Amino acid sequence: MARLEGVFCPTVTFFDAQGGLDVATFEEHLHHLMDAGLQGVVPLGTMGEFTLLTDAERRTLAEASVHAVGGKGKVIVGTGSPSTDTAVALSLHAQDVGADAVVVVTPFYMKPNRDGLLRHYEALHRAVGIPVLAYNLPSFAGYSLDNEVVVELAREGVLQGLKDTEGNLAKDLALVAELPKDFTLLTGADPIFLGLTLQGGSGGILGTSNFFPATVEEMYRSVREGNVKRAAEIQAGVARLSEAIGTGAFPAATKYIVEKVWGHPAHLRLPVTPLSEAERSRVDAILKEFLGSWK
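Going by my numbering, the first residue of the sequence shown is number 1, and it counts up by one from there.
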């Protein structure tokens with residue numbers, strides 16, 4: 001597999017006022033993202049509130065993603081679950097409906113030992129014929145995926161990529177030195193995108209691309225064109241925007257900004273609750289600062 005490169009959006013999931021899926025708005029959002037020039041989308045990740053969805057809803061959105069993107073970019077479907085059997089079933093479905101790859105968060109809640117972790121990804125590799133990316137998210141999963149495990153699975157051909165949202169640039173650069181050249185290494189931490197991409201990383205799955213996709217895509221394009229100064233200017237703004245994303249109950253702030261930028265209703269599903277007045281004021285201040293300094 002040729003490694004995946006560029007900026008991919010970890011898309012939010014849209015609900016209607018009654019709490020059901022709003023597939024039409026979801027597809028419209030994906031059209032916005034592809035029109036902005038992103039290299040692809042990553043539905044059903046943490047930003048997509050996958051843990052609050054039924055398996056049937058996850059299948060519906062996987063199908064909608066492939067339909068909406070329509071071959072204009074890559075679709076990397078989130079199929080993670082604490083259950084290996086469920087992760088395999090969702091990955092097979094993603095493959096069947098035309099996804100380009102799956103990204104699978106390390107099993108959470110039922111924390112596996114090293115052997116269980118290896119066997120989890122080996123089961124996925126045996127079951128599906130599309131690339132499998134692991135997803136390291138210690139702040140949610142409760143533990144960090146060790147570099148040695150990633151390297152072992154990569155060299156055995158079990159994993160074709162990694163989304164790393166730990167935000168540890170030194171750890172990621174150590175991986176770059178040991179991984180096969182065709183291995184996909186995407187950061188999910190907006191503030192280290194530039195540092196990693198300049199030093200061998202593949203790009204990023206960046207939450208800020210939900211609301212300013214063209215800006216984030218310009219940052220990547222500037223890197224590719226050798227305009228590091230411009231990329232660094234954008235990176236500074238993107239890093240500040242990523243602070244806004246962490247406000248309140250995740251991903252309420254992202255949905256709030258998406259509503260302000262695109263006009264899509266920011267309905268949430270419990271236990272995620274809307275931003276408080278103070279939290280909205282903080283996000284608004286960061287947005288105003290970013291837009292006021294944008295050149």
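It is possible that some hints are incorrect.
Below, in silico cross-link-like pairs of lysine-lysine (BS3-like), each with a Cα-Cα straight-line distance of 27 Å or less [claimed, not checked]: (1) Lys288 to Lys72; (2) Lys111 to Lys72; (3) Lys229 to Lys288; (4) Lys72 to Lys181; (5) Lys171 to Lys260; (6) Lys111 to Lys74; (7) Lys181 to Lys74; (8) Lys171 to Lys181.
For each label pair, taking beta carbons as the anchor points, the in silico distance ranges come out as [said to hold, decoys possible]: (9) Ala278 to Asp35: 48 to 56 Å; (10) Leu173 to Glu277: 38 to 46 Å; (11) Lys111 to Lys171: 15 to 23 Å; (12) Leu173 to Gln18: 21 to 29 Å; (13) Gly116 to Ser281: 43 to 51 Å.
Think of the hints as simulated: they come from the structure by calculation, not from any bench.
Just so we're clear, the structure is a prediction, and the values are computed from it rather than from any experiment.
Ideal placement from N, C-alpha and C gives every residue a C-beta, glycine not left out.
Quick rundown of the hints versus the structure:
1. As the CA atoms of Lys288 and Lys72 are separated by approximately 32 Å, the hinted pair breaks the 27 Å bound.
2. Between Lys111 and Lys72 the CA atoms are separated by roughly 37 Å; this puts the pair beyond 27 Å, and the hint is violated.
3. Pair hint Lys229 plus Lys288 holds up; C-alpha atoms about 23 Å apart against a cutoff of 27 Å.
4. This hinted pair checks out: Lys72 and Lys181 have alpha carbons roughly 25 Å apart, not beyond 27 Å.
5. Between the alpha carbons of Lys171 and Lys260 the distance comes to roughly 36 Å, so the proposed pair goes past 27 Å and is violated.
6. Between Lys111 and Lys74, the direct Cα distance comes to roughly 31 Å. Violation of the 27 Å bound is thereby established for this hinted pair.
7. For the given pair, Lys181 sits about 20 Å from Lys74 by alpha-carbon distance, which is consistent with the 27 Å threshold.
8. Simply put, Lys171 and Lys181 have alpha-carbon atoms about 17 Å apart, close enough for the 27 Å limit, and the pair holds.
9. Distance hint check: the CB atoms of Ala278 and Asp35 are about 34 Å apart, inconsistent with the given range 48 to 56 Å.
10. Distance hint check for Leu173 and Glu277: the Cβ-Cβ separation is about 41 Å, which falls inside the suggested range of 38 to 46 Å.
11. The hinted range of 15 to 23 Å is satisfied by Lys111 and Lys171, whose Cβ atoms lie roughly 20 Å apart.
12. Checked against the hint of 21 to 29 Å, the pair Leu173 and Gln18 fails, with Cβ atoms roughly 47 Å apart.
13. In this structure the hint that Gly116 and Ser281 lie 43 to 51 Å apart at CB holds, the actual value being about 45 Å.
Of the numbered hints listed earlier, those contradicted by the structure are 1, 2, 5, 6, 9 and 12.
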